[in-house]
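So the sequences go chain by chain: A and B.
Going by this note's numbering, the first sequence opens with residue 1, and the numbers climb by one from there.
Going by this note's numbering, the second sequence opens with residue 235, and the numbers climb by one from there.
Worth flagging that the hints you see were computed from the coordinates, not collected in a lab.
One thing to keep in mind: the hints can contain errors.
Partial pick of chain B residues on the chain A-facing surface, computed with a CB cut under 7 Å [claimed, not checked]:
hint	residue
1	Ile348
2	Ser369
3	Gly371
4	Pro395
5	Leu398
6	Leu399
Okay, the calculated beta carbon distance ranges per label pair [claimed, not checked]:
hint	chain 1	residue 1	chain 2	residue 2	range
7	B	Gln266	A	Trp204	16 to 22 Å
8	B	Leu400	A	Met205	48 to 54 Å
9	B	Leu378	A	Arg163	18 to 24 Å
Okay, the calculated bits of chain A under chain B, using three or more residues with CB under 8 Å as the criterion [what the hints assert, rightly or not]:
hint	stretch
10	33–44
11	90–98
12	155–162
Here the structure is a predicted model, which is why all the values come from computation and not from measurement.
The C-beta atom is built at its ideal place from N, Cα and C for all residues, glycine as well.
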Amino acid sequence: MNSARIQGAKRGIYADGKDRAGSTTSNKVHSPPTFASIMWSFLKLAPSSFGGGYAIFPALEKEMTERRRWLGSGELAETLSLAAAAPGGVAVNASLLIGYRLRGFGGAAAAGIGAIVPTIAIVLALFFLYRLIGDTPKLRAAMEGSAWGIVALILFTAWRIGRAAIRDKFTAGLMLAALACLLGRVPPLYLIASGVLIGVGAIWMKGRSYRDSESVQEENGSSNGDGSCYMYYI
Amino acid sequence: MWILFLFFLRLGFVSFGGGYALIPMIEREAVQQGWMTQDAFLNAVTVAGMSPGPIAVNLGTLIGYRTFGIGGAAAAVGGLVLPSIIMSAAMLLLIHRLRKQSWISRLFYGLQPIVTALILYAVYRLGIGSLDRGSWGGHLVFGLAIIGIGWVMLVRYRMPPVYLLLFSAIAGAAVLG
């Protein structure tokens, strides 16, 4: 079933009608989307990721599943959680993965360009704008205000990820230890590496008991619907 | 410029969970290498956070641009995005095995708490940085108010983050200006 779905997605023909949330989708795409239309979709979406990559997800969902009908919602949720799991900007990953699903590597390139170019243009434009009028006290105050807005956004992201991350006392301890190390100016790269090692080691020590609880967790997760799993992040 | 590219390339491989976890790393490197002062970095984070797109890519664009012009911006963005492309491609090839999620969830078990800590640390650094700019008392009250209001907007009403950014900018101009 998996391979059939992926094959279908590769050809750009989404004829599955069965998404993970259980609802049936009747949308059929008859011809594969063109590179230009893929790029245009992502160009259009780029400005809606104001405030971080995860902010793009609702608009992306609307564009892909409702307007263009290129993907079913289950397929999209799966792609988005993959995008969140891979390193790199989530919005960039999502565009690459969706582009690939629609039209292979060419589609990925079209979507990637569509997602990245406007972002760079807007950030440089804002930067020049800031430089141009940067010395007025009002603008300075607005910047300080929005710095706090960004703090709130990041805190919110930490909460979202933390809810998925802190599964037991061990992970809570690990988080606090890492925070203490950061405050003690330990380079973050070492923490990431040791976090992976400690996590793998801890699971290895726990052995089979973890594997059982893991599979239970997974079942719970899938019954909640995959639509919510990427929402952990925003 | 080579150093810049390699640094962001290295970051690109470890930027799990979005770019926020990268902020402390970028700050450390940018200040140490003399690419930016602390204050300029804080401004860059604000501009990067306000702009669409991943905050790490935006930060990379700004730092690259400030240090080596357009070429620097391209180097930083290329460094950040290249690992994404490679890893996404690898994940696509592994998609069958990933379905079962057993090994990836093992990796994430230890990784996610670290990422959470990194993001919280970014909050701490940005908060301290903002407080240091003005009078502590007034900014602390303002900051906590924005965080509280932002929480209600994002969690309770599930509003798009752009409204929070607009609101905080206007509130800043009105109250702090």
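Checklist line | Contradicted hints - numbers only | finding: Numbers 2, 3, 7 and 10 - these are the hints that the structure violates, sorted from lowest upward.
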